[in-house]
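Chains as they are written, first to last, in numbering that gives the first Met the number 0: chain A, 0 to 412; chain B, 0 to 257.
Hints are supplied without guarantee of correctness; some may be wrong.
To be verified - Among the chain B residues that face chain A by a calculated CB cut under 10 angstroms, a handful are: (1) Asp47; (2) Asp51; (3) Pro53; (4) Gln57; (5) Leu63; (6) Ala81; (7) Pro84; (8) Thr98; (9) Ile99; (10) Arg100; (11) Val170; (12) Ala171.
Think of the hints as simulated: they come from the structure by calculation, not from any bench.
If you're wondering where the values come from, they're calculated on a predicted model, not measured in any experiment.
Heads up, the beta-carbon is just placed ideally off N, CA and C, and yes, glycines get one too.
If you want the building blocks of each chain, they are given just below.
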Amino acid sequence: MTATPQPNSFRNQPDEHGHFGRFGGRYVAETLMPLILDLEKEYRAAKTDPAFRAEFDDLLANFVGRPSPLYHAPRMTQHYRDLAPEGMGPKIYFKREELNHTGAHKINNCVGQILLARRMGKTRIIAETGAGQHGVATATVAARFGLPCTIFMGAKDVERQKPNVFRMKLLGAEVQPVTSGAETLKDAMNEALRDWVANVHDTFYIIGTAAGPHPYPELVRDFQSVIGTETREQMMRAEGRLPDMLLAAVGGGSNAIGMFHPFLDDPDVAMIGVEAAGHGVETGEHAASIAGGKPGILHGNRTYLLQDEDGQITEAHSISAGLDYPGLGPEHSWLHESGRVRYVPITDKQALEAFQLCCALEGIIPALESAHALAALPEVTRTLGRDKLLVVNVSGRGDKDIFTVAEALGADI
Amino acid sequence: MTRFEKAFGKGPALVCFITAGDGDTAANLDALVEGGADVIELGMPFTDPMADGPAIQQANIRSLAKGTRTADILNMARSFRARHPEVPLVLMGYANPMTIRGPEWFAAECAKAGVDGVICVDIPSEEDAELGPALREAGVAMIRLATPTTDAARLPAVLEGSSGFLYYVSVAGITGMQQAAQASIEEAVARLKSASDLPVAVGFGVRTPDQAREIARVADGVVVGSALVDLVKQHGEAAPAAIRELTEALAEAVHTAR
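All chains should be modelled from the sequences, with the hints used to inform the complete structure.
This is the structure in structure tokens:
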């Protein structure tokens with residue numbers, strides 16, 4: 000058997016042009032290009048500036064509430080041991096990102112990016128949002144630093160995520176409903192890019208996931224890597240060794256890359272990214288870019304996308320608004336093709352079952368995004384022994400999803 | 000002499016944009032030529048036109064809703080070339096539809112269809128390898144965009160490998176919205192012309208003959224898009240008469256500007 004040639008390290012991407020293998024890059028209009036180059040320069044400087052790091056760490060500790068706990072989930076562990084063949088069923092831990100301020104991992108990245116915005120002298124913030132979690136996190140840091148903020152949100156999402164829309168408004172953000180296209184996350188991102196092109200002189204675009212033109216995939220990953228770095232230290236303290244497997248949901252993929260990246264060069268740590276399969280990949284109504292898409296160029300980067308043979312982007316579907324996007328971050332595309340991370344699809348139905356199980360067994364209401372990661376447990380726990388350690392990234396809390404879940408379960412609230 | 004050289008050699012040129020598959024494209028294109036357009040830009044619709052304002056976004060949606068395929072657009076180009084052997088034709092659009100079957104495929108199809116040049120909004124010079132080499136190999140011009148944010152340090156990179164003409168995007172923004180101040184256009188055109196021998200066409204936000212005349216006093220070309228696309232929205236299949244009328248007024252203004 001000929002092995003695919005492996006890189007010396009999985010942690011030294013992207014190259015100086017922002018490419019992760021054949022993915023990534025800077026596919027933006029010329030108007031934005033000088034700004035993107037400027038952002039890259041500023042980020043390089045910030046990365047090596049101890050004062051920037053100190054301010055970031057201080058905000059994560061005292062504003063966000065980090066570190067988030069690494070929690071041993073005893074009843075989920077027992078539940079899957081009972082179902083697994085003899086001797087199987089790993090010890091399950093949750094990385095509790097849902098305990099962060101604003102209820103998800105999104106805030107880690109927003110804190111980092113608003114510090115960059117201030118460093119660059121930008122006076123206005125824009126962002127896109129799907130479920131509203133990134134919009135709330137952005138509005139939060141904008142309020143914290145006293146910067147005006149406009150959030151672009153698909154009109155359909157404005158309608159189905161009313162509590163988050165109101166939160167953003169309370170935090171002082173202007174919420175701009177986007178009526179083009181399917182009126183969801185992809186269209187919100189188009190509109191944010193249009194606003195940015197027209198306001199490059201004073202505006203900073205806080206992209207919510209590890210995607211978009213270079214250097215966004217890299218800097219979002221770096222800001223989110225606090226998740227994996229903490230997990231490493233916490234697991235060493237708790238068990239005296241590294242985990243055997245990491246599980247995380249992948250929409251754009253920022254919580255997953257933040258969890259995975261610090262472990263990529265530890266060959267004994269397996270990683271699984273969970274894509275949203277909606278009604279099932281075979282139905283065409285899904286958001287699984289790797290399982291059901293192919294490489295193309297959108298929103299500034301080359302990556303796996305849902306598209307037809309002419310390269311027109313097709314609509315994604317997922318019960319989870321945060322995973323309802325027809326692409327994913329370019330580093331995930333590269334990790335998929337290099338074989339370092341395995342990506343599996345999970346349907347709406349599977350996610351709903353895992354959502355309820357987590358509520359009932361652990362007393363934790365997970366976000367529907369995180370429920371996708373939890374829904375991979377029935378399969379993976381069957382093949383991992385009892386002495387193995389598994390960490391699920393519970394990236395967000397599910398309060399925002401109770402209306403969606405109630406509707407799906409036919410409950411009246 | 001290329002079609003571009005001929006078109007820009009007669010004095011200021013009128014460059015007109017419409018979206019392929021929106022309305023009766025062949026009749027719309029003929030109306031542009033009859034009205035006096037010197038260069039035609041045919042927009043390739045895309046589901047996610049990030050650089051376009053509402054007028055062209057909606058045209059893209061109308062076209063795709065009718066089922067327009069890449070093969071149809073290439074056929075429109077081919078039949079245009081047969082009807083109008085002398086008028087330069089440019090395909091303008093986004094990276095994904097242009098590169099999905101590989102850049103060589105697209106470049107070869109353009110050459111076969113008689114397309115003179117390609118404008119790809121989201122392939123800056125940094126990503127030239129994605130499309131530029133294939134187009135140059137096939138003898139199709141890679142027409143680059145320069146913008147108010149393209150500073151002196153970047154300009155050489157933008158010019159490298161570009162041909163046909165240089166498209167100056169006069170406002171930092173999206174298509175069809177506000178118009179730039181005349182003074183800023185004059186300054187930018189002078190700067191671009193001192194750095195390149197390519198003709199400089201100015202677009203974004205140009206809607207009226209008066210605006211076009213002012214720009215044509217200093218630029219080699221004036222690009223009008225959204226105002227024409229709006230006529231297709233307004234008149235549908237009956238747009239050619241209105242398009243011809245506006246194009247005549249624009250052409251008169253541009254051709255007599257100096």
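For each hint, the structure was consulted:
no., hint, in the structure
1, Asp47, "holds, 5 angstroms"
2, Asp51, "holds, 8 angstroms"
3, Pro53, "holds, 8 angstroms"
4, Gln57, "holds, 8 angstroms"
5, Leu63, "holds, 7 angstroms"
6, Ala81, "violated, 24 angstroms"
7, Pro84, "violated, 28 angstroms"
8, Thr98, "holds, 6 angstroms"
9, Ile99, "holds, 3 angstroms"
10, Arg100, "holds, 8 angstroms"
11, Val170, "holds, 8 angstroms"
12, Ala171, "holds, 5 angstroms"
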